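Participant: Residue numbers (this note's numbering), protein chains in the order written: chain A, 1 to 325; chain B, 1 to 322; chain C, 1 to 358; chain D, 1 to 302.
Keep in mind that the hints were calculated from the coordinates and are not lab data.
All figures in this text were calculated on a predicted structure; none of them were measured in a lab.
Treat each hint with caution, since some may be false.
Stated by the list, open to error - Simulated crosslink set (PhoX-like; lysine-lysine; CA at most 20 Å straight-line):
id	chain 1	residue 1	chain 2	residue 2
1	B	K32	B	K69
2	A	K215	C	K106
3	C	K97	A	K215
4	B	K65	B	K118
5	C	K347	C	K297
6	B	K32	B	K65
7	C	K227	A	K124
8	B	K197	B	K32
9	D	K200	B	K80
10	A	K124	C	K117
11	A	K215	C	K118
12	A	K215	C	K101
13	C	K117	A	K215
14	B	K34	B	K197
15	A	K27	A	K63
16	C	K117	C	K106
17	C	K97	A	K124
18	B	K69	B	K80
19	C	K64	C	K105
20	A	K215	C	K64
21	C	K294	C	K118
22	C	K106	C	K118
23	C	K347	C	K324
24	B	K7	B	K69
25	D	K262	A	K161
26	C	K324	A	K124
27	C	K117	C	K174
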Amino acid sequence: MLRYILKRILYMIPVMFGVIVVVFLMKMITPGDPVDHLLPANASVEQKEAMRDKLGLNDPIIKQFGDYVIGVVTRGDLGTSYATKQSVAGEIFGRLPKTVFIAVWAIFISQIFATPLGILAAVKQNSLVDSIIVVFTMVGASLPNFWLALMLIRWFAVDLKVLPSMYNGTAASWILPIITVSFQSIAMTTRGVRTNMLEVIRQDYIKTARAKGQKESIVVFNHAFRNTLIPVVAGIGSGLAGMIGGSLIVETVFAVPGVGKYVADAVTARNYPSLQGGIIVLALIGTVINMIVDIMYTVVDPRLKTTLLAPSSRKNKTKVAKEGA
Amino acid sequence: MALIEIKNLKKYYTTPRGLLHAVDDVTLDIEKGKTLGVVGESGCGKSTLGKTLIRMEDSTSGSIKFNGKEITGMSQREFKPVRTQMQMIFQDPYASLDPRMSVSQLIAEPIQTYHLAKDKKELDDMVGALMDEVGLARRLVNSYPHELDGGRRQRIGIARALSLNPEFIVCDEPVSALDVSIQAQILNLLMDLQAEKNLTYMFITHDMSVVKHISDDICVMYLGQVVEKANYQELFINPMHPYAQALLSAIPVPSIHSKKERIILKGEITSPIDPKPCCRFAARCPYATDQCRETEPELKPVTGNPSHFVKCHRAEELAAAQ
Amino acid sequence: MSTEKKNLLEVRNLTVHYETDEGIVEAVNNVSFDIAPGEILGVVGETGAGKTTIALSIMGLLPKPPAHVISGSIKLDGEEFLPSLPEPEGPFDFAKKGPWKAEQKKLELRFREIRGKKVSMMFQDPMTALNPVLYVGDQIAEVIKIHENISAAEAEKRAGDMLEVVGIPRERYKEYPHQFSGGMKQRVVIAIALACHPDLIIADEPTTALDVTIQAQVLQLLRNLQKEYGTAIMLITHDFGVVAEICDRCMVIYAGEKVESGNLEHIFDKNMHPYTRGMFESLPNLEEDTDRLKPIKGLMPNPMDLPSYCSFAERCDVCEEICKSRNPELIEVEPGHEVACILVTEKLAAQNNAKEVK
Amino acid sequence: MSKITTPAMVKLSKKIEKNANVTSNTPGREALKRLRKNKTAMAGLIIILIMFIVAILAPVIAPYTYTEQDYTATMQGPSAAHIFGTDNLGRDLFSRCVYGTRYSLPIGIICTVIGLLCGGALGLCAAYFGGKVDMVIMRIIDVIQAIPSILLCIALVAILGNGMWQLIVAIAAGSIEGMTKNVRAAVFMVRSNEYVNSSKSIGVSDANIMVRHLLPNAVGMIVINAVGAVSGAILSISSLSYIGVGLVAPTPEWGAILSEGKTYMSVAPHMVLFPGLMIAITVVAFNLFGNGLRDALDPRLK
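Using the sequences provided together with the hints, build the complete structure.
Facilitator: If you want it as structure tokens, here you go:
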């Protein structure tokens with residue numbers, strides 16, 4: 001198991017290296033001279049040249065790339081924000097907790113709702129309940145999240161005046177952003193759970209469980225649901241990764257000072273170092289989540305667990321060989 | 001000279017758990033116009049042997065001679081004319097036909113691949129003739145596989161294999177997916193075609209009664225190796241290898257008068273990954289001795305019967321004792 | 001036939017249809033049979049003959065919809081298990097819906113009590129019949145826990161015993177199905193089926209997915225346990241070899257209809273229905289050499305479009321005009337030997353007439 | 001044995017008579033038949049078609065041009081003259097939404113097609129050649145996948161600048177990763193079929209196998225995913241516009257209209273409501289159609 005985790009962590013290295021290469025390439029083709037952004041507008045040519053030397057912009061591209069990689073890897077140096085002249089890494093890490101907070105809550109809420117809904121729809125396939133759930137998932141997955149956010153603001157903040165429309169640090173101001181993010185996630189996860197459940201319910205081992213005289217509710221939860229956990233875990237992973245990407249929009253709407261808003265602001269202000277730093281950090285988070293999901297697979301799926309634990313599977317085989325009639 | 005001569009053929013696969021000896025040191029001849037039956041349990045390498053033989057899989061080492069010509073080292077271009085001579089019929093008639101092709105397209109595909117027909121008319125004639133040959137009504141020419149039953153689909157598979165006028169056909173469990181009444185139709189068809197065209201078959205199956213019915217010679221495989229090879233009657237009357245004996249005794253006979261003694265083997269077939277250099281059947285063999293567990297026996301002819309080969313240290317000793 | 005009272009299972013005039021988009025599949029038509037306690041009945045037929053549907057009807061596990069039991073009676077130990085009320089016609093048939101639903105619910109509860117306890121079922125493919133994420137031991141213990149009022153520890157101990165009964169060391173209790181080979185899985189399935197000492201086991205092609213040598217092991221085990229426990233078995237198969245091996249009686253199913261039934265001697269040596277004969281003739285013979293097999297011509301009729309006369313007529317070698325006039329009825333040609341063939345009926349009638357004339 | 005005659009059976013026998021002379025249906029035609037019977041899919045398709053007609057006939061349907069400003073009637077709610085109301089500059093929202101179909105719909109489809117061509121080629125190569133080619137392609141895809149696709153689009157537009165073709169490039173690039181994976185998975189699934197082996201054993205060339213067997217059989221799955229991808233692309237386009245990159249105001253793109261309206265949301269909610277509804281309806285339509293296609297092409301899942 002430990003070896004597998006280690007392997008999985010090592011596997012992240014080439015992916016992240018690739019991301020850094022992509023970001024570096026973006027840096028190269030980005031229009032404009034970074035020096036203009038970092039120095040006051042009235043800086044002299046000499047000052048600019050000195051800055052350029054300092055930033056290594058006069059070095060050959062290979063050396064620039066090497067320095068960039070080393071900077072990112074060893075010092076977490078993501079450059080300097082054009083807007084604030086602060087370290088991008090420092091700014092992003094200060095905002096990260098807010099983004100993660102929303103995403104984790106949204107995942108939690110969406111699982112609480114989506115799993116029972118998905119199971120219900122699958123068990124009562126083709127019934128009225130099923131149709132309603134299917135329509136909900138269809139519509140829920142199709143609503144643009146910024147629009148949903150604005151509508152929620154309109155109802156809860158403007159009309160009902162029960163919740164703040166913008167983030168202001170209070171606990172209440174977290175509610176709308178979390179609802180917005182979880183709504184879409186509930187729709188998509190419900191659909192996933194339903195499809196998988198329908199697949200599992202057709203299997204022979206479900207028939208076997210019924211033939212034992214087991215209660216339908218236990219058949220559904222003990223036998224069927226445990227087998228759908230595998231895709232559900234995958235759903236959590238891709239959902240969380242997707243939410244972190246989607247945080248860009250939702251944080252902008254609700255003015256939550258998280259990484260998403262930071263990146264969105266960087267885009268509109270053409271603050272490229274911040275944008276590129278944001279890409280690296282968000283990609284890192286996504287990659288780590290995918291890794292965790294892969295490791296979680298081995299926990300929910302005994303088939304994977306034993307194939308990965310090579311020594312024990314060999315032991316089993318000798319047992320089979322010894323087996324007598 | 002035999003049509004097919006296989007010498008020390010090996011096919012290994014690398015797997016995460018080790019080297020899988022799917023086909024391990026197989027030496028066989030198949031005479032022209034005859035049928036060699038290959039029997040064994042799932043995982044014994046019989047299908048891999050068939051696929052390696054017609055180069056759908058590249059062999060790891062060893063030699064395959066077809067009509068005296070070595071084919072293992074041939075380039076794709078050199079092999080192309082040989083390929084038309086060696087065809088295959090697949091196990092599952094539901095999976096082995098492209099669902100998006102009509103019967104005529106399916107049967108025409110090989111002909112078109114080798115540009116054997118001058119024009120559309122000739123192609124249609126050839127397809128029609130093939131359909132007659134395998135007993136498919138011509139009105140089905142535009143049907144799709146999903147509209148046909150297993151027996152008819154398997155007839156399409158046979159027509160495809162026949163379309164290039166091959167000398168040799170590997171039949172990989174062609175009837176195991178079919179019901180008995182349909183199975184008999186297909187077996188008869190295969191035997192008629194053989195008599196008519198002097199075809200040579202390698203008939204792979206796990207069904208002992210089918211293999212006895214259709215084969216001239218039978219070889220029994222166990223974990224990638226041939227453990228016994230003999231004329232079909234000889235094998236059924238006088239099996240020498242303990243595994244072959246057990247296999248034959250285990251067949252349920254559809255008769256209430258057959259009172260034969262069953263040999264129930266212990267355990268199950270193990271996997272041929274990194275096998276030890278000993279007799280592979282030793283772990284399950286009721287007669288295994290230390291010699292069997294330490295050294296690997298050779299496949300050698302039985303004294304007094306040069307066409308009966310067996311790979312067992314104790315075969316003759318046991319036969320004498322009985 | 002033995003006296004009615006002694007029978008463990010009595011199926012009468014069972015008719016089951018599937019309603020699909022393409023049409024109505026007449027899966028089982030008017031099938032009647034009995035199983036006595038401790039008896040092994042072989043049910044033989046080709047793919048799509050309706051064997052599995054019969055089995056699922058007895059277990060009350062037919063997928064509804066699309067399946068509909070049109071008529072018939074299934075009595076287990078004298079207790080009726082098919083609903084007496086007709087199905088409501090459409091969702092707005094409120095008059096019938098209420099009582100029908102109540103009866104369905106009552107039946108389902110009763111079914112749940114007998115499933116695994118009185119009747120258990122083994123499914124065809126051992127590879128998929130076990131839940132991949134549960135310990136095999138727990139899967140055996142589950143059925144014991146459902147039906148017997150004992151502690152969890154006790155049930156687990158009993159499950160371990162069952163593993164040993166089927167020849168698996170109890171140390172393997174906490175292993176998953178994928179760690180077992182095909183034959184071992186089938187042993188676990190047998191252990192589940194036998195765990196509560198049921199009166200009847202329905203085994204649906206229990207050895208079809210297994211290799212010959214493993215099939216021999218499993219059949220031997222099944223036979224030994226059957227003797228030990230005195231359980232009756234309804235063995236569904238397409239292989240007459242397996243029937244000859246372990247069955248006491250046999251019935252042949254063709255296109256959802258019972259065409260012939262009797263003891264092994266009746267079926268193997270004195271068979272009278274052309275389909276039964278055809279099946280035997282199309283089998284390659286192991287004992288003696290045959291040059292050519294005699295296959296049954298043609299195909300099984302489409303179960304969505306069965307003829308109004310003998311379903312086998314189109315494939316029958318001896319079919320006569322009269323065969324296409326009506327459906328044959330099942331008649332008893334000698335005690336315990338039933339055949340559904342018009343020609344046999346006619347011949348018998350002619351003989352009887354001749355006798356009377358004399 | 002008596003025959004039981006039920007009304008359903010009579011219906012059935014009539015059906016059989018009707019179908020008696022229909023000899024053969026290609027699998028594709030059968031799928032089409034199933035699709036035509038699928039109500040939700042047809043509903044989706046009809047909405048999409050209506051959207052297209054609206055896009056083509058926009059000048060006819062729209063009562064005003066999308067730039068026409070009427071300072072006497074700003075931020076008015078829906079009325080007979082302006083059924084969707086007017087915006088802060090007095091422009092007719094209905095007309096702007098009608099013209100909006102000319103952006104989201106075609107751009108979404110164009111992006112998907114470009115993404116499908118690029119991703120499809122990559123996926124086909126990866127799946128067919130396997131081995132090293134597959135590994136290299138998939139490692140590249142892993143890298144792209146690590147960056148959330150909306151972020152990738154935004155970054156590309158930020159670098160390339162605002163505008164139509166920049167937006168198309170960005171969205172298409174963002175969809176390549178998903179397309180490659182889908183096509184690869186579809187081809188892999190088809191490749192594992194025995195009929196591919198059967199053709200190989202005959203000696204059919206790799207190119208022929210790819211064109212005659214792999215693609216036709218994989219195309220169903222690819223199309224299903226592509227239809228789903230269109231709805232994703234439409235959502236991305238409007239999200240970008242909302243943030244203020246890609247197509248920006250005063251372009252009457254739905255996301256852009258909405259973005260303009262959000263400032264006035266507390267006084268004129270209709271400025272947000274209607275463009276949002278347009279996006280939602282379009283995306284729902286594509287999702288409905290995609291789901292229906294899945295049911296029709298893959299009856300196993302039903």
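Participant: Hint by hint, say whether it matches the structure.
Facilitator: Each hint tested on the structure:
1. Distance check on the hinted pair: K32/B and K69/B sit about 15 Å apart at the alpha-carbon level, within 20 Å; holds.
2. For the suggested pair K215/A and K106/C, the alpha carbons sit about 14 Å apart, so the restraint of at most 20 Å is met.
3. Proposed proximity of K97/C and K215/A is contradicted: the alpha carbons are some 23 Å apart, above 20 Å.
4. For the hint pairing K65/B with K118/B, the CA-to-CA distance comes to about 32 Å; that exceeds 20 Å, so the pair is violated.
5. Distance check on the hinted pair: K347/C and K297/C sit about 24 Å apart at the alpha-carbon level, beyond 20 Å; violated.
6. For the hint pairing K32/B with K65/B, the CA-to-CA distance comes to about 13 Å; that is within 20 Å, so the pair holds.
7. Only pairs whose Cα atoms come within 20 Å are accepted, and K227/C paired with K124/A is rejected, the gap being roughly 43 Å.
8. Of the supplied pair hints, the one linking K197/B and K32/B holds, its CA atoms being roughly 11 Å apart against a limit of 20 Å.
9. With a CA separation close to 12 Å, the supplied pair K200/D and K80/B stays within the 20 Å bound.
10. At most 20 Å may separate the alpha-carbon atoms for a hinted pair to count; K124/A and K117/C exceed this at roughly 28 Å.
11. Of the supplied pair hints, the one linking K215/A and K118/C holds, its CA atoms being roughly 16 Å apart against a limit of 20 Å.
12. Between K215/A and K101/C the CA atoms are separated by roughly 18 Å; this keeps the pair inside 20 Å, and the hint holds.
13. Restraint check for K117/C and K215/A: satisfied, since their Cα atoms lie roughly 14 Å apart, inside the 20 Å limit.
14. Annotation: proposed proximity of K34/B to K197/B holds, straight-line Cα distance about 11 Å (limit 20 Å).
15. A hinted pair counts as satisfied when its Cα atoms are at most 20 Å apart, and K27/A with K63/A qualifies at roughly 14 Å.
16. Between K117/C and K106/C the alpha-carbon distance is near 17 Å, which keeps this suggested pair within the 20 Å criterion.
17. Of the pairs offered as hints, the one joining K97/C and K124/A holds, with about 18 Å between alpha carbons and a cut-off of 20 Å not exceeded.
18. For the suggested pair K69/B and K80/B, the alpha carbons sit about 13 Å apart, so the restraint of at most 20 Å is met.
19. Taking the CA atoms of K64/C and K105/C, the gap is near 13 Å; set against the 20 Å cutoff, the hint holds.
20. For the hint linking K215/A to K64/C, the alpha-carbon distance of about 17 Å falls within 20 Å, and the restraint holds.
21. For the hint linking K294/C to K118/C, the alpha-carbon distance of about 42 Å lies beyond 20 Å, and the restraint is violated.
22. Between K106/C and K118/C, the direct Cα distance comes to roughly 17 Å. Compliance with the 20 Å bound is thereby established for this hinted pair.
23. With a C-alpha separation of about 16 Å, the suggested pair K347/C and K324/C falls inside the 20 Å cut-off, and the hint holds.
24. A hinted pair counts as satisfied when its Cα atoms are at most 20 Å apart, and K7/B with K69/B qualifies at roughly 13 Å.
25. With a C-alpha separation of about 18 Å, the suggested pair K262/D and K161/A falls inside the 20 Å cut-off, and the hint holds.
26. Of the supplied pair hints, the one linking K324/C and K124/A is violated, its CA atoms being roughly 45 Å apart against a limit of 20 Å.
27. Annotation: proposed proximity of K117/C to K174/C is violated, straight-line Cα distance about 24 Å (limit 20 Å).
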